[in-house]
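Combine the two chains into a complex, taking the hints into account.
Protein sequence lines, in the order shown, are assigned to chains A and B.
All letters in the first sequence, in the order written, are residues 0 to 330 by numbering that gives the first Met the number 0.
All letters in the second sequence, in the order written, are residues 0 to 272 by numbering that gives the first Met the number 0.
Because the hints were derived from the structure by calculation, they are not lab data.
Built from N, CA and C at the ideal position, the CB exists for glycine as well.
Please note: incorrect hints may appear among the correct ones.
Said to hold, decoys possible - Simulated coverage check for chain B against chain A, where a stretch passes if three residues somewhere in it have a Cβ under 8 angstroms from a Cβ of chain A: (1) 42 to 54; (2) 72 to 78; (3) 156 to 162; (4) 229 to 237; (5) 246 to 259.
Unchecked claim - DSSO-like cross-link-like pairs, simulated, lysine-lysine; straight-line CA separation at most 27 angstroms: (6) A/K250 with B/K265; (7) B/K265 with B/K37; (8) B/K7 with A/K108.
These are the residues of each chain, in order.
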Amino acid sequence: MKVYRVTEKKWTEYVAEILKEFKVFAPVKKENSTDFEEITVEKIGSIYYEGTTPSTPLKAFFFPVKENVVATEQKQARVILGVSNCDLAALDLLDNIYLGGDFMDHCYKENRDHTIIFGKDCDDLKETCHCTSYGLTPYCEKNCDISMSVSDGYCYLSPLSEKGETFLGQFKINDNEVFDCLPEKVIQKRTAMAANLQSQNINIPDEKASRKGIEKENKELWKRHASTCVSCGACSMICPTCHCFLLIDLKDFEKVKNWDACQFAGFSRVAAGEDPLMKLYDRLKFRYLCKFVYKPDMFNALACTGCGRCIDACIGKINKNEVIVEACGQG
Amino acid sequence: MQELNIYKPIRAKLIKIIDESPLIKTFVLVPEVEFSFKTGQFIEVTVENVGEAPFTPSSSPLETKQLEITVMKAGYVTDAMHKMEVGQYMGIRGPYGRGYPLEAFYDKEVLIVGGGCGFAPIRSLLYNLKAISDKLRKVTLCYGSKTPGDCIYKPYITELRETPKFEVYRSVDKTDESWQEKVGVVTVLLDEIEIDVANSVTVVCGPPIMMKFATKKLLEMGYPEDKIYLSMEKNMSCGVGKCGHCAMGHYFVCKDGPVFTYDQIKNSPNIWM
Ligand SMILES: Cc1cc2nc3c(=O)[nH]c(=O)nc-3n(C[C@H](O)[C@H](O)[C@H](O)COP(=O)(O)OP(=O)(O)OC[C@H]3O[C@@H](n4cnc5c(N)ncnc54)[C@H](O)[C@@H]3O)c2cc1C
Ligand code: SF4
Ligand code: SF4
Ligand code: SF4
Ligand code: FES
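Chain B extracted, bound-state conformation (with noise of 0.2 angstroms):
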């Protein structure tokens, strides 16, 4: 049992805003209470007035003075949020759900699948993964975008091809002059990699289509269905499983999720929707 008001949101200052893409700004907040996630949680975002949504912090875990998160402008909410100035408040709730469970991934290759806004939480993972890479064999990421444009963190994608033991295949589906990288959806990126799959575990979080696709994949590579973390996509609005709109088979993504391995959800109905 945590908190007495669960739907109560603290006030979160915005600091600084980042433009990633022209659809896609991080945001960074400093809530006023003090508030810590565990990797892959997610937390419910308050717009004043106007709606909230749930959001993965891109931010590292390990960081606990202040939080990022990163928003594609989707619709109602995550416009208003595109409106929003530094020093404006956002109300935050959470954390929610089951994050990654890192210490599966002990001894273990780390492969890391992940496309479009699917970044987000996958850099959180990212930098908590630096942090213990000594009890990690080597962290592979590939990562499709549609275009050049719509490649984000880019210095941060500098900053990990500098790391030990860290790996970055990048491919877009639509290219230009600019980009050296390979060509087409994400899976061709699987085609280029060498990874000991008998030694491995895999994340992915992308797109429904993204997803699908890249766990048919997976599959095929031989990684067994308890070593593939997905996570899952679906409508919210209490994210503490009150309110029944995360509604996925058995499951409430919010409380259950939204971290699955694909062994957990396959036989539940409409998973790539």
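Extracted from the complex, chain A is given alone in its bound form (with noise of 0.2 angstroms):
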């Protein structure tokens, strides 16, 4: 591996450079989050890079909230800072859905060749945070082109594919100092972290035992969670993987992808009006089986990163993790 290292000062003078023929998105301090902005060059110095998960998730910058796909648009070759593993993690799944299979969706690939992305180490966590409950580290070994870890006024960057090579390349980066490991200090951070994450979620069973929590009948269990679900979808549009979406037409036989959500009504229901997720504790028990069960088998990844936002999201105060504990621990 090799690993060049910046000054943080040197490296604000990058983004400066890099602005001048990419857009830049990265997380932003928010009053009581961060989220993902486009940059500025005034902006720079407000990029956040210790913080957790941007609200944003990272497959929106792929799969836009709204997009025309048969109206073709110039695509912008963009950067994106500051990406967490729980959400780089989660390109696995989508770009199996996406690119895989017969067919490919042309947007979400020129959306995906057009960006470079950076990873992060999470310096920070938030009381939902759970990646490591899946097997992933709070730090980034694939999935993004650079992995940047940022530490006692310097920032290490890891070129982790061609195309990030090429970008170092492009901007001279790789000119600076370059070794072939990262610092003892960054390792023990990262060590460090993965150690909190593992202690702050003991009892969040692994993805195998949660699927097989999830797949008993338990029917009073969903129930009774579903009591306080309103349908509306949040936990779904937040999600990392969450890939479902709705065609909607428009003149000229142009048609708009737009973000759906199991969770909202009808999202399956067929022309005679049956619906086999009419009742909101099936719709509630399917999101979870998608996640542990279905998209596991059907395309060989997680679909859930312990991201843990769906938690922080939910206005029914419904915690995805003690419904899957009091599902395994059940009947």
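In structure tokens, the structure reads:
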């Protein structure tokens, strides 16, 4: 592995250079959260690498909330900084769904191709972070072009893809001091972070155990938890792996791909009015089955990366992990 | 990997509209670009500015210049289709999904059980079976409708009855004096027919409730689970395994189906809804 070391100050100069050729998006601190924002020269200083997952999931860059999939649009090259591993891990599933099979989603492909992703080390954790429960690390080793760790006034940049390597060359970032591994300090921070996550989430079942629990009938449990669900769909919208959409038709046979969610009433209704997911508790359970049973089996990828966003977002105060712990414990 | 833009329909001109019943019309379409499908595959049909819905062509897959869809008026998109006129354009995408595995039918008797608008895919299959009838033992069609007025493809039924190796049995739930054939749900026909179950396969297509009872009956008759072919209907949007709408347990019906053997899906939740 190659690691380039750049001072934090120098890095901000590089970002200014990058801005001349790319659109740049990065996490910025808000009142109670962080979120991706488009960065301008004035905003370089407010990029927030330390925080946890931004409110918007990474998928929104490749699978936008609304996108005209028939009328062609020129895509602009862009760079996304500060992406955490729970968002990156979701790309395994999304790439398999949108790029794999007999048909390729050209919009997703173009959006992916036009983007350089910088992964980061998580330096902070929120109560609901639980990536390690599913075998993930709070730092990135794949699914991004460049991994970036910030420590002691330095940025350590490692290219993880050819695209990343070329990018570092383009801006002469590879003229900096180079090492063949990360400094001990960064590795220690990574290990400590993983250990913190593990102790915080000691009670959360891994994906195999979760699956077993969810597969049980447990109708009462699902009914009880679903009783506070308002079908808002927020849990699916903010989930980095949820990929569902609805095509809406316009004139000239144009179509707009819109985010959709299995938690909405009517998601699976057919013309005669029949609907396998008519009942709220069937919908709630389906979401968990989708994540822990169907998607891993169909696409050989994790469909929950432990980002915790659905727990933070639920108006009904439904805590995915509490539901799973209970499901695993019963019957 | 297929076309560059999987969501962009090709234009198809509506050249003829056939009234099949008060609620069912057949639309004859001429695509602007060459288009072909295998029997049992479906297409996504767009009504501009309104919406899109999946249909299985009801014409012969061997006919490549034009194709037909038979559409029951059932809601938003299908209502708009029923209001369309000759000369207008629909958009079509596809063909999608896996159709009927015809090779698996060779040297066998084929029993087809259908109901309601399930006749659309069945007619396409029948056209195809006729073309390969030297490879088949016999084809038996058992078809159920609500009333005699709901019986579609009348001229085609007459033609089929005169075709060697093809037998047609029909029933209606509610009768009137015009009806000379069987009365009752479609499964009553299965008691009438003579069939060599051990050397046959069966195809079922129709409303979920009919499929449920037909499958039950076919199992009782001794059909193995992997010799019962079912066409599943689920809500669909993309048709190409991306949007999640047609999820049925471990399958996306659009890409893994819509034709499944009972054996494949018997453990999936809500197959009959
Ligand atoms: C593989 C397959 C093959 C089929 N073959 C045939 C066939 O040969 N003949 C036939 O008659 N039928 C066939 N069907 C059924 C046919 O697709 C439905 O009848 C059709 O989808 C009904 O659409 P509708 O909009 O008229 O009905 P609606 O009940 O209005 O809508 C059906 C679904 O679309 C959604 N919807 C409604 N309005 C909108 C809107 N404005 N925007 C987005 N979504 C909306 C609804 O929520 C509902 O989920 C087939 C279905 C499948 C899955
Ligand atoms: S976020 Fe909560 S309330 Fe909203 S649909 Fe999901 S489970 Fe239901
Ligand atoms: S299910 Fe919840 S915790 Fe898991 S990836 Fe989706 S939003 Fe994150
Ligand atoms: S079915 Fe539901 S849980 Fe599964 S990907 Fe779609 S919206 Fe997400
Ligand atoms: S219709 Fe979109 S996944 Fe099947």
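Comparing the hints with the structure gives:
Beta-carbon proximity to chain A at under 8 angstroms applies to 8 residues in the region 42 to 54 of chain B; the threshold of 3 is reached and the given coverage holds. Figure legend: the region 72 to 78 of chain B, annotated as covered by chain A; annotation consistent (3 residues with Cβ-Cβ distances under 8 angstroms, at least 3 required). By the rule of at least three residues with a Cβ nearer than 8 angstroms to a Cβ of chain A, the coverage given for the region 156 to 162 of chain B is violated, with 0 such residues. Given as covered by chain A, the region 229 to 237 of chain B passes the check, having 5 residues with a CB less than 8 angstroms from a CB of that chain where 3 are the minimum.
Three residues within the 8 angstroms Cβ limit are the bar, and the region 246 to 259 of chain B against chain A gives 7, so the coverage statement holds. For the suggested pair A/K250 and B/K265, the alpha carbons sit about 41 angstroms apart, so the restraint of at most 27 angstroms is broken. A threshold of 27 angstroms between alpha carbons decides the hint, and for B/K265 with B/K37 the separation of about 25 angstroms falls inside it, so the pair holds. Restraint check for B/K7 and A/K108: satisfied, since their Cα atoms lie roughly 16 angstroms apart, inside the 27 angstroms limit.
In this structure, the earlier hints numbered 3, 6 are contradicted, and the remaining ones agree with it.
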